[in-house]
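**Q** Using the sequences and the hints given, assemble the complete structure.
Number of protein chains: 2
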Amino acid sequence: MTGVFSRRKLLGWTGAGAAVAGVGAATGCAAAGAAPAPGERVVPFRGAHQAGIVTAAQDRMHFVTLDVTTGDREQVRALLERWTPAAERMTAGAETTPGGAVDLNPQAPPTDTGEALGLPPSALTLTFGVGATLFDKLGLSAQRPAGLADLPRFTGDQLDAALSGGDLCIQACADDPQVAVQAVRNLVRMGFGTTAVRWSQLGFGRTSSTSTAQATPRNLFGFKDGTNNLKAEDPASLDQHVWVQPGDGPAWLDGGSYLVARRIRMHVEIWDRTSLFEQETIIGRTNGEGAAFGRTAEFETADFSAVGPDGAPAIAMEAHVRLASAESLGGVRILRRGYNFVDGSDGQGHLNAGLFFVAFMRDPHGQFVPMQRALANDDDLMEYIEHTGSAVFACPAGLGEGSYWGQSLFES
Amino acid sequence: MTGVFSRRKLLGWTGAGAAVAGVGAATGCAAAGAAPAPGERVVPFRGAHQAGIVTAAQDRMHFVTLDVTTGDREQVRALLERWTPAAERMTAGAETTPGGAVDLNPQAPPTDTGEALGLPPSALTLTFGVGATLFDKLGLSAQRPAGLADLPRFTGDQLDAALSGGDLCIQACADDPQVAVQAVRNLVRMGFGTTAVRWSQLGFGRTSSTSTAQATPRNLFGFKDGTNNLKAEDPASLDQHVWVQPGDGPAWLDGGSYLVARRIRMHVEIWDRTSLFEQETIIGRTNGEGAAFGRTAEFETADFSAVGPDGAPAIAMEAHVRLASAESLGGVRILRRGYNFVDGSDGQGHLNAGLFFVAFMRDPHGQFVPMQRALANDDDLMEYIEHTGSAVFACPAGLGEGSYWGQSLFES
Numbered sequence: 001m002t003g004v005f006s007r008r009k010l011l012g013w014t015g016a017g018a019a020v021a022g023v024g025a026a027t028g029c030a031a032a033g034a035a036p037a038p039g040e041r042v043v044p045f046r047g048a049h050q051a052g053i054v055t056a057a058q059d060r061m062h063f064v065t066l067d068v069t070t071g072d073r074e075q076v077r078a079l080l081e082r083w084t085p086a087a088e089r090m091t092a093g094a095e096t097t098p099g100g101a102v103d104l105n106p107q108a109p110p111t112d113t114g115e116a117l118g119l120p121p122s123a124l125t126l127t128f129g130v131g132a133t134l135f136d137k138l139g140l141s142a143q144r145p146a147g148l149a150d151l152p153r154f155t156g157d158q159l160d161a162a163l164s165g166g167d168l169c170i171q172a173c174a175d176d177p178q179v180a181v182q183a184v185r186n187l188v189r190m191g192f193g194t195t196a197v198r199w200s201q202l203g204f205g206r207t208s209s210t211s212t213a214q215a216t217p218r219n220l221f222g223f224k225d226g227t228n229n230l231k232a233e234d235p236a237s238l239d240q241h242v243w244v245q246p247g248d249g250p251a252w253l254d255g256g257s258y259l260v261a262r263r264i265r266m267h268v269e270i271w272d273r274t275s276l277f278e279q280e281t282i283i284g285r286t287n288g289e290g291a292a293f294g295r296t297a298e299f300e301t302a303d304f305s306a307v308g309p310d311g312a313p314a315i316a317m318e319a320h321v322r323l324a325s326a327e328s329l330g331g332v333r334i335l336r337r338g339y340n341f342v343d344g345s346d347g348q349g350h351l352n353a354g355l356f357f358v359a360f361m362r363d364p365h366g367q368f369v370p371m372q373r374a375l376a377n378d379d380d381l382m383e384y385i386e387h388t389g390s391a392v393f394a395c396p397a398g399l400g401e402g403s404y405w406g407q408s409l410f411e412s
Numbered sequence: 413m414t415g416v417f418s419r420r421k422l423l424g425w426t427g428a429g430a431a432v433a434g435v436g437a438a439t440g441c442a443a444a445g446a447a448p449a450p451g452e453r454v455v456p457f458r459g460a461h462q463a464g465i466v467t468a469a470q471d472r473m474h475f476v477t478l479d480v481t482t483g484d485r486e487q488v489r490a491l492l493e494r495w496t497p498a499a500e501r502m503t504a505g506a507e508t509t510p511g512g513a514v515d516l517n518p519q520a521p522p523t524d525t526g527e528a529l530g531l532p533p534s535a536l537t538l539t540f541g542v543g544a545t546l547f548d549k550l551g552l553s554a555q556r557p558a559g560l561a562d563l564p565r566f567t568g569d570q571l572d573a574a575l576s577g578g579d580l581c582i583q584a585c586a587d588d589p590q591v592a593v594q595a596v597r598n599l600v601r602m603g604f605g606t607t608a609v610r611w612s613q614l615g616f617g618r619t620s621s622t623s624t625a626q627a628t629p630r631n632l633f634g635f636k637d638g639t640n641n642l643k644a645e646d647p648a649s650l651d652q653h654v655w656v657q658p659g660d661g662p663a664w665l666d667g668g669s670y671l672v673a674r675r676i677r678m679h680v681e682i683w684d685r686t687s688l689f690e691q692e693t694i695i696g697r698t699n700g701e702g703a704a705f706g707r708t709a710e711f712e713t714a715d716f717s718a719v720g721p722d723g724a725p726a727i728a729m730e731a732h733v734r735l736a737s738a739e740s741l742g743g744v745r746i747l748r749r750g751y752n753f754v755d756g757s758d759g760q761g762h763l764n765a766g767l768f769f770v771a772f773m774r775d776p777h778g779q780f781v782p783m784q785r786a787l788a789n790d791d792d793l794m795e796y797i798e799h800t801g802s803a804v805f806a807c808p809a810g811l812g813e814g815s816y817w818g819q820s821l822f823e824s
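Chains A and P, in that order, are what the protein sequence lines are.
Heads up: the first sequence begins at 1 in the numbering used here, then just goes up one per residue.
Heads up: the second sequence begins at 413 in the numbering used here, then just goes up one per residue.
Source of the hints: derived by calculation from the structure; they are not laboratory data.
Misleading hints may appear alongside valid ones.
To be verified - Covered stretches of chain A, going by a simulated chain P footprint (3 or more residues, C-beta under 8 Å):
#1 113 to 121
#2 139 to 147
#3 177 to 187
#4 233 to 245
#5 278 to 288
#6 349 to 355
To be verified - Straight-line C-alpha distance at most 25 Å; calculated DMTMM-like pairs for lysine to aspartate or glutamate:
#7 A:231 to A:289
#8 A:231 to A:278
#9 A:137 to P:758
#10 P:549 to P:572
#11 P:549 to A:346
By construction, the Cβ of each residue, glycine as well, lies at the ideal position given by its N, Cα and C atoms.
**A** Take a look at the structure:
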C-alpha cells in the first residue's frame, strides 16, 4: 500500500503537492525506535487474526450493524472489496482515499467526509463480522456456521428488535471517539445502495482489559470489571477459547471468532440505593481494590471453597464472580471487550445507561449460552439490569496481503 | 475545603487510614512548578464566573436537564446546597464525600457511585443553570430574567419536547467521558425525590475552541467549526458579549451568562452526496485549511466585500460564515461550546448524528435569536440539518468561598 496521505500531515497542509507518506511514515516514531505518542499508535490492519479482538482495548467504541438492501451477492462482495482498502487506510490514520477529503475533483462529493482530518490514527481498529440473516439473503445458507444459530431466550430478556441482529457488523474502536465515528460513518456512506444501518451503539469507556499491561476499568456499578478476562499475553488460552479452530465448522471461519453483543441497560438508580455490603456480596469482590472475598489484592485467585467465620461460603453461591467463573462453568472462558454507554434519558426521569457487552469466543452456544443462562437464572445482579439488545456475528480470520473482508466466505 | 481523598490515591488504596490529601495535593505537580500531566489538570470550581464557559473546551461532554418534582422552594434550595460541595469535590478529582465509594458504613449505600475511582480529575467542570419553567414552580416569578423568555419558532424547527427545556441544567465537560458521566450521575442520584432527569445528551467530541491555545476542531460535515469564536484571551469581548452586566436584569444573574442549547441533527447522508465545491460554497470556507474564500489561512479575516473573477461576491451572500458573522449581524457575537454526537441510528438506515450546539451569551434574544433567524431563513446549510431540541438556561456568576449553586437567586 503506497501513497497514504497521513491525516496528521494536514496540520501543516499546503495543498495537493504536499508530502505524501507511506504507512511506515505514519508510524515513523516507532520506526525510529522511540515509542510513538499515544495518539500516533497504529494497530496493524492485516494479520493472522482481525485487529480489535485481542488488541489492547481502546478507550472508545462505535459499533454499527447493517442490513443488506439487495439479494445480489456480487454487489455485496464488491462492497466488501471496496470497504477493505478504505478501512485499512483509516486505521493507518489516512483518509478513505488519497486526498479524499480535500483535493479530488471539487465537482464530486469528497470520498472522505473529513471530520478526522488532523487527528492521529488513535489505535483505530475495524473488526468485521457477518450475522446469521446474511446467509439466506445471499444464497449462502450452506456456509452458515452452527455458531450463528439463534441464541435461546434467557430469563429476563427484554430484547428490542431494533437494537438486535444485523446482516453485518463493524466494530470500530479507537482512543479518540471522533476517529471511530468517522470510520463507521465513511463505511456506512460507501454502503449506500447496498447496505443500510440497522442499529449503532457508541461506547464512551472501555470496561475490559485485554492485555496484562492495562489497568482494570470500572463499569457503571462502580466495580472493576473483567479482572479475570482472557488476555492477549496468553495465546494458548486464546486458541482454546477465542479462535475458531479447523474442524469446528466451515473452513471459511477458521482462525476467526464469534462476537456476541448484548446491550445491557443498568438500572443504576436502584443499584445506588443498595448498601455497599449488599453490592459487594452480589459481585463477590470488594469495590475499592476489586479483590475476591477472602483475598486482599485484585489479581489474587478467588477461592470459591473458602468459608467465612459463620461457616457460609466466603463468596456467596449466587455471587456474580462465582457464577461467571470458569470453575463453575466447566472451564468456560470468554474474551470480554465491552464499553459503558449513556444513551440520553429514558423518559421516566433516569439516565438510559448501561454496559454494551461485547465478547469474543470460539463457540457462542458452548460458552456464552451456559454462562448467560447461569447468570440470568441465579445472579442477583439481574435485579438491577436488563438485556435490551442482542446479536451474534461470525468474524473471519485476519487478512493476508491483497485479501478483503469476507473473501473466505464469498469465495468459498 | 479539607479532607479531600483524591481518587488517584486509590490506585494504591490501602483502606480508610490511607493518605488524605487536600485539593492542593490533587494538583501537586502544578504546586511544585511543573506542568501537570494532561489528566491531572484541575479547573478551579470557584471564581468570578462559573467554570465550563470560557474554560478551554474539554474533549467530552455530558449535559443533563432536570425538572423539579416538588414545589417546595426550600427543598430545592437545600439540594443545591448539598450539590455544591459534591460538585466541587468531583472537579478536584475526589469522590462526592470523603471515602464515599468504599469506606463509609457498609450497611448504607455508597455516597459515591465509584465508577471514577482511579481516574484523574480530567479538567472536569460542572456548570449550573436554571430554566424559565423553574420560576413559577417555586414562586420565584419576580426573579425570572427577560432573557429566559421563550425563543421564537425558527423556520424549519422540528423540536421534540422530550429533548427540550428543563427546570435546571448541569453541563459536565471533561477530557475523560467517564469522569463527566460519573459527575452527572452522582448529582442526579443526589436529586432523587427533588429532581428527575428530563433529558441528557452525550457529546463525544468538541466542536469549538474557547482558547487561542486550542486547534479548531471539525464537525461532522468535516469542516472546522467556530474559527471566529470568542476566546478566553479576549476579556473585553467576553464582558461585551458573554457576561451579564449589572443593569441587564435582576441582580442575581450579574456576572452570569445565558446558555442556549440546540440539538441539531445533521443529515450527513445528504451532505455526503454534495460536491466539495458546493459544500465549500455553502460554508464559505475551504475544507482542508478552513480559510475564508479569497484567503489562504484559517485565521485570516474574511473579506466579505471581495468579488471573484466573475464579479460575484467571493463569499456567497447566503454562505454560512457570512450569515453568522458579526459583520452581518450588527456586531453580534456568541461563545460557542458545542459537541458532536451520535445517538445510535434513526430507524431508517442512517446514523442519528449531529451537533449539540451549546453557546453562552449575555442576551439570547439580542444575540442568538437574530443569528439563528438569519441562518434558519437563508443558510443553505438548513437543507442538511434539523433542530430537534432547544433550551435556554440562566447560569449565575461564579461562586465565592462558602456559597452554593443558585444562592444569589434563592436568597434574592
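**Q** Determine which of the earlier numbered hints do not hold for this structure and return their numbers in increasing order.
**A** 2, 4 and 8
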